[in-house]
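Q: Go by the hints and put chain B onto chain A.
Each chain, letter by letter, is given below.
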Amino acid sequence: AQSVTQLGSHVSVSEGALVLLRCNYSSSVPPYLFWYVQYPNQGLQLLLKYTTGATLVKGINGFEAEFKKSETSFHLTKPSAHMSDAAEYFCAVSDGPYQLIWGAGTKLIIKP
Amino acid sequence: NAGVTQTPKFRVLKTGQSMTLLCAQDMNHEYMYWYRQDPGMGLRLIHYSVGEGTTAKGEVPDGYNVSRLKKQNFLLGLESAAPSQTSVYFCASSGGGQVNEQFFGPGTRLTVL
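Chain order of the listed sequences is A and B. For the working numbering, add 75 to where a residue sits in the first sequence, where the first one is 1. For the working numbering, add 10 to where a residue sits in the second sequence, where the first one is 1.
I should point out that these hints are in silico values taken from the structure, not numbers from a laboratory. Glycine is no exception: its CB is placed at the ideal position from the N, C-alpha and C atoms. Some clues are possibly wrong.
The calculated DSSO-like cross-link candidates involving lysine-lysine, where the alpha carbons are at most 30 Å apart (straight line), are [to be verified]: (1) A:Lys182 <-> A:Lys153; (2) A:Lys133 <-> A:Lys186; (3) B:Lys67 <-> A:Lys182; (4) A:Lys124 <-> B:Lys24; (5) A:Lys186 <-> A:Lys153; (6) A:Lys133 <-> A:Lys144; (7) B:Lys19 <-> B:Lys81; (8) A:Lys143 <-> A:Lys124; (9) A:Lys153 <-> A:Lys124; (10) A:Lys143 <-> A:Lys133; (11) A:Lys182 <-> B:Lys81; (12) A:Lys124 <-> B:Lys19; (13) A:Lys133 <-> A:Lys153; (14) B:Lys81 <-> A:Lys124; (15) A:Lys144 <-> A:Lys124.
Ranges between beta-carbon positions, derived for each pair [claimed, not checked]: (16) A:Leu95 <-> B:Gly87: 35 to 45 Å; (17) B:Gly106 <-> A:Ser101: 33 to 43 Å; (18) A:Gly128 <-> B:Ala92: 43 to 53 Å; (19) A:Val104 <-> B:Glu69: 14 to 24 Å; (20) A:Leu131 <-> B:Gly26: 28 to 38 Å.
Chain A extracted, bound-state conformation (with noise of 0.2 Å):
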């Protein structure tokens, strides 16, 4: 069975720096990986995705992800954080052509 790993319930970063969130997976296929985000009281959202080809994905507000098949490893990554990236980031994969499967989630908490 598939399945996905967050590292991490709570990361806190200061403005400006470096955004890491790690995600590895688990898959006995080649995988659809995909990272959403829910702000506050809102809905999920996508913020990016890999399917085939580059495994460097760049997704919206300055978000981007490496796909690394040796390490079952998709981690989102954000040079500077801003204070509106405060949210709660999801990871998943994609588990035949019906259902994701999603990972616990994460905050990512921004301190001035």
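A: Leaving out everything else, chain B in the frame of chain A:
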């Protein structure tokens, strides 16, 4: 386009009461989903539908029923609400296929007293 909409946004029920949550999408998506979100537990799939007139159980289906009578609508029912069903409920839709990118509604916050 409105995307995915959910009604109501908030609801308070007493134990044993029933209610229906409505999800609507205007993207002509085949697949629709109901999730619940609880603190520290991420998203858990309740039921999903791969087309009009079809439904299937997800990870946590007990205590819920669903119907997909029209392609654009997906209803989630609680026949006899319990405090354990206090949660935030999200509906999502997808065009399907291997990539299966899902689009989410704004959520319904349900409290069962």
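Q: Each of the hints needs a verdict: does it hold here or not?
A: For each hint, the structure was consulted:
| no. | hint | in the structure |
| --- | --- | --- |
| 1 | A:Lys182 <-> A:Lys153 | holds (15 Å) |
| 2 | A:Lys133 <-> A:Lys186 | holds (24 Å) |
| 3 | B:Lys67 <-> A:Lys182 | holds (29 Å) |
| 4 | A:Lys124 <-> B:Lys24 | violated (41 Å) |
| 5 | A:Lys186 <-> A:Lys153 | holds (15 Å) |
| 6 | A:Lys133 <-> A:Lys144 | holds (17 Å) |
| 7 | B:Lys19 <-> B:Lys81 | holds (22 Å) |
| 8 | A:Lys143 <-> A:Lys124 | holds (14 Å) |
| 9 | A:Lys153 <-> A:Lys124 | holds (15 Å) |
| 10 | A:Lys143 <-> A:Lys133 | holds (15 Å) |
| 11 | A:Lys182 <-> B:Lys81 | violated (34 Å) |
| 12 | A:Lys124 <-> B:Lys19 | holds (28 Å) |
| 13 | A:Lys133 <-> A:Lys153 | holds (10 Å) |
| 14 | B:Lys81 <-> A:Lys124 | holds (26 Å) |
| 15 | A:Lys144 <-> A:Lys124 | holds (15 Å) |
| 16 | A:Leu95 <-> B:Gly87: 35 to 45 Å | holds (42 Å) |
| 17 | B:Gly106 <-> A:Ser101: 33 to 43 Å | violated (23 Å) |
| 18 | A:Gly128 <-> B:Ala92: 43 to 53 Å | holds (47 Å) |
| 19 | A:Val104 <-> B:Glu69: 14 to 24 Å | holds (20 Å) |
| 20 | A:Leu131 <-> B:Gly26: 28 to 38 Å | violated (53 Å) |
Consistency note: the structure conflicts with the earlier hints numbered 4, 11, 17 and 20.
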